[in-house]
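J.: Here the protein sequences come in this chain order: F and E.
Count along the first sequence from 1, then add 23; that gives the number in my numbering.
Count along the second sequence from 1, then add 23; that gives the number in my numbering.
Mixed in with the good hints, there may be bad ones.
Same chains, same label: a pair holds when it works inside one copy or across any pair of copies.
[What the hints assert, rightly or not] The calculated lysine to any residue pairs, modelled on SDA-like cross-linking and capped at a C-alpha distance of 20 Å, are:
#, residue 1, residue 2
1, Lys229, Thr208
2, Lys308, Tyr319
3, Lys384, Leu313
4, Lys384, Asp40
5, Lys238, Leu95
6, Lys234, Arg39
7, Lys149, Glu123
8, Lys322, Ile395
9, Lys229, Glu133
10, Lys238, Met199
11, Lys308, Asp197
12, Lys308, Asp298
13, Lys234, Asp204
14, Lys384, Glu74
15, Lys149, Arg161
16, Lys384, Asp315
17, Lys229, Ile184
Hints in this document: simulated from the structure, not taken from any laboratory.
2 protein chains.
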Amino acid sequence: MQDVENQTAPEVPAFRDDGGNVSGAFAALVSQAVTTGDAASLRALVSDLHEADVGALIEALDSGERPRFIELLGEDFDFTALTEVDDAVREEILEEIPNEEIAEGVRDLEVDDAVYILEDLDEEDKAEVLDRLPALERVALQRSLEYPEDSAGRRMQTQFIAVPPFWSVGQTIDYMRETEDLPDTFYEIFVIDPGYHLIGTVPLDKLLRSKRPMKIGDIMSEDQHLIRATDDQEEAARLFQRYNLVSCAVVDVSNRLVGVMMVDDIVDVIEEEADEDLKALGGVKGDEELSDTVLYTVKSRFPWLFANLITAVLAATVIAFFEHSIERMVALAVLMPIVASMGGNAGTQTMTVTVRALATKELHRSNAWRVIRRELAVGATNGLAFALILGSVAVGWFGIRDLGIVIGMAILTVLTTAALGGILIPLLLSRFGVDPAVSSGPFVTTITDVVGFFSFLGIATLWFGLS
Amino acid sequence: MQDVENQTAPEVPAFRDDGGNVSGAFAALVSQAVTTGDAASLRALVSDLHEADVGALIEALDSGERPRFIELLGEDFDFTALTEVDDAVREEILEEIPNEEIAEGVRDLEVDDAVYILEDLDEEDKAEVLDRLPALERVALQRSLEYPEDSAGRRMQTQFIAVPPFWSVGQTIDYMRETEDLPDTFYEIFVIDPGYHLIGTVPLDKLLRSKRPMKIGDIMSEDQHLIRATDDQEEAARLFQRYNLVSCAVVDVSNRLVGVMMVDDIVDVIEEEADEDLKALGGVKGDEELSDTVLYTVKSRFPWLFANLITAVLAATVIAFFEHSIERMVALAVLMPIVASMGGNAGTQTMTVTVRALATKELHRSNAWRVIRRELAVGATNGLAFALILGSVAVGWFGIRDLGIVIGMAILTVLTTAALGGILIPLLLSRFGVDPAVSSGPFVTTITDVVGFFSFLGIATLWFGLS
Chain F
24 MQDVENQTAP
34 EVPAFRDDGG
44 NVSGAFAALV
54 SQAVTTGDAA
64 SLRALVSDLH
74 EADVGALIEA
84 LDSGERPRFI
94 ELLGEDFDFT
104 ALTEVDDAVR
114 EEILEEIPNE
124 EIAEGVRDLE
134 VDDAVYILED
144 LDEEDKAEVL
154 DRLPALERVA
164 LQRSLEYPED
174 SAGRRMQTQF
184 IAVPPFWSVG
194 QTIDYMRETE
204 DLPDTFYEIF
214 VIDPGYHLIG
224 TVPLDKLLRS
234 KRPMKIGDIM
244 SEDQHLIRAT
254 DDQEEAARLF
264 QRYNLVSCAV
274 VDVSNRLVGV
284 MMVDDIVDVI
294 EEEADEDLKA
304 LGGVKGDEEL
314 SDTVLYTVKS
324 RFPWLFANLI
334 TAVLAATVIA
344 FFEHSIERMV
354 ALAVLMPIVA
364 SMGGNAGTQT
374 MTVTVRALAT
384 KELHRSNAWR
394 VIRRELAVGA
404 TNGLAFALIL
414 GSVAVGWFGI
424 RDLGIVIGMA
434 ILTVLTTAAL
444 GGILIPLLLS
454 RFGVDPAVSS
464 GPFVTTITDV
474 VGFFSFLGIA
484 TLWFGLS
Chain E
24 MQDVENQTAP
34 EVPAFRDDGG
44 NVSGAFAALV
54 SQAVTTGDAA
64 SLRALVSDLH
74 EADVGALIEA
84 LDSGERPRFI
94 ELLGEDFDFT
104 ALTEVDDAVR
114 EEILEEIPNE
124 EIAEGVRDLE
134 VDDAVYILED
144 LDEEDKAEVL
154 DRLPALERVA
164 LQRSLEYPED
174 SAGRRMQTQF
184 IAVPPFWSVG
194 QTIDYMRETE
204 DLPDTFYEIF
214 VIDPGYHLIG
224 TVPLDKLLRS
234 KRPMKIGDIM
244 SEDQHLIRAT
254 DDQEEAARLF
264 QRYNLVSCAV
274 VDVSNRLVGV
284 MMVDDIVDVI
294 EEEADEDLKA
304 LGGVKGDEEL
314 SDTVLYTVKS
324 RFPWLFANLI
334 TAVLAATVIA
344 FFEHSIERMV
354 ALAVLMPIVA
364 SMGGNAGTQT
374 MTVTVRALAT
384 KELHRSNAWR
394 VIRRELAVGA
404 TNGLAFALIL
414 GSVAVGWFGI
424 RDLGIVIGMA
434 ILTVLTTAAL
444 GGILIPLLLS
454 RFGVDPAVSS
464 GPFVTTITDV
474 VGFFSFLGIA
484 TLWFGLS
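So here's chain F without its partners, still in its complex pose:
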């Protein structure tokens, strides 16, 4: 980090602490400058910060200070920083800032960053901001915003360098040296025909290593990795991952080059996608963030708990069916949650692997049967192992030999069923177009609970003649 010029304080604390978070001391100085309206000190503090650091700083401020922070910085505030903060934080800030300032702020951004900021505004504000932009920017933004949410079209940059194949390396380099309005960052140039169809790409390192008289058409790579603007961003992410890309051409329905996706956006998509699956499996909505309010979080988590309540009540009716058996042998009440819980955990294991393999496209029709057979074998094997262990525990605990046999049979049944349910339910849900990460849990739990209680209490009732 370079020395900060125009420093008013004698010593500025480090921006990040040892843990990599915004240091409390730095945040306090900024907070003080915001509260006292000291724009000069504020500028001195943040002017040299990277936009990502400004984003982290905004998150570290109290929510009331954030819009004031941006207003105080005025033209010195780079709106790109808003693409680096949590959605909830960004939405809150944008509500406080006048549309006029938002329009001022997004007009110099790359199209993908501007879209990222605008897409969460309500329709009225969005229209007003767009109206205030120069025609060229407005049209580019409107075109991107017309693509579906989470599509490649929303995440692409619309500025790129495209040259015809008959240009020479020297001509291309000269063109780049002379043209003012180039994209901020780029890693390859595109080679197009007169109809704007992509015919090749030249990575910059290749361009730099080639002699000036070489023709672009002779050094270009014809490997064509193309993303359609309407493709989901997750599809684009798979392509980047598979072929280790850093940028990729985006084309419209008639295969004309319309933009370029960059790997830094893809990194966010991959993280977001894994994050959503992880949270969904844990019964939390994908967009839940630490910055959400209590009320929002309560409302967001309620449906999952309610689904679980229905599951649990269903399982309880199975128990109620065997009330008489439990009254006659209360050891059953003690042991039955063990059976259900083992089933639930085994089912969750299989379900987790299945959901993840579906998300990463490792599991598909051609290997589904092999994986189902494997899970079944794993379930049965662990079922046998735990039948022996839990059977011995039950005999040792209650001194009833047959209780060991009964609970052993029940455990084997439920672990095998759990394996089947854990793979078949996500597979079926995904076949019917339902997100298996979100919906598999309650189904799998219902099956393992119902089968767990029913098999244990049922076998016990028959074996001991309790009915």
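Based on these hints, arrange chain E on the given structure of chain F.
T.: Chain E in isolation, oriented as in the chain F frame:
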């Protein structure tokens, strides 16, 4: 895709099917060529494929065919493809291939790819392969292999372009045009002092846009994002993500430039990291893959189920303590799993959010108290809501008014405890250096089960005087 030359079959089926997987027809042709030992047809089929596609093809083959596939291709097989397959598949293949061929295969690879392949070999094979390499490659590989597993040093490329600041743009470009032995891919050049310390970087697009007489020192960016070779790859990934990097300098203990990390490796790290957390939360080891054998999977999943067994038995002893109450009021046995299950789910919700926030560094000491208070408020609010709902269900079901009050109090207790446990346990584990994704589950379940059964059965015993 260009037409494949030297084609022997009249028509080659598409490599990927509509779902993006290796098409069965293509895999069958390859499999046939491997089985009949028809090297010419095999070469014709795969010679134009991207290394990632070759990797996918290897995974689509039967495990017996894989080493034969590589041997038949001989020198035409690019070992980079082996970095694109599952760990289990790679290890199996490498066991079958003679060390001599492995040495032949890795000698032309980038150091990071070669390390990726060699690091899983056993010590003896690794030493033999290294011995067969030319001194230069051997030393570079040995140096990388000396860094800890999963460190940046293992994942870095050791070839990079570094120039002094007094060089001109033209001089630099000429140097790149004339030097044969450049890295395969690069996105920026490094500017160093005579001691090999990094003083700046120049992205290639910046270099291309600058006039030839400009001095490198005048166009370089002094933003220094540095990774230490001993840093964990996850730390490197955070840096890439935070600052949207595509490559980053790696330095040794004395701050000398020793390598460069590339974003495509980082993309894999980010995916792997999220994948491990997701699987760990589901009770599955992070390295579990669809290609694992039944026995390996059984062994890998057993410990988690065993931990859960201990948890469940603990909870059962709580139930056993109230056997007498259950005998006198069997409705308690019917309702108690509902209370425990609601607690378990609420605990998992909070735990999931906490584990994820710890992994992404969003949760840290400075905001921990705020988040704990929020979770507690969320738990209590949903606790109240479900106390009302479940209380009504219980009264309606069993016609005992006081049962509604008892289960309501129990639910409020357990959902509040679940929230506290769901956040405090991961926080504590992480404070003590234990991975919260792997270990939180059993603790949280134990707490919610024990508190669930104890509060419900305990309150009922006191309220109804059942003891």
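J.: Could you check the structure against the hints above and give me the numbers of any it violates, in ascending order?
T.: As far as the earlier hints go, 5, 6 and 11 are violated by this structure, in ascending order.
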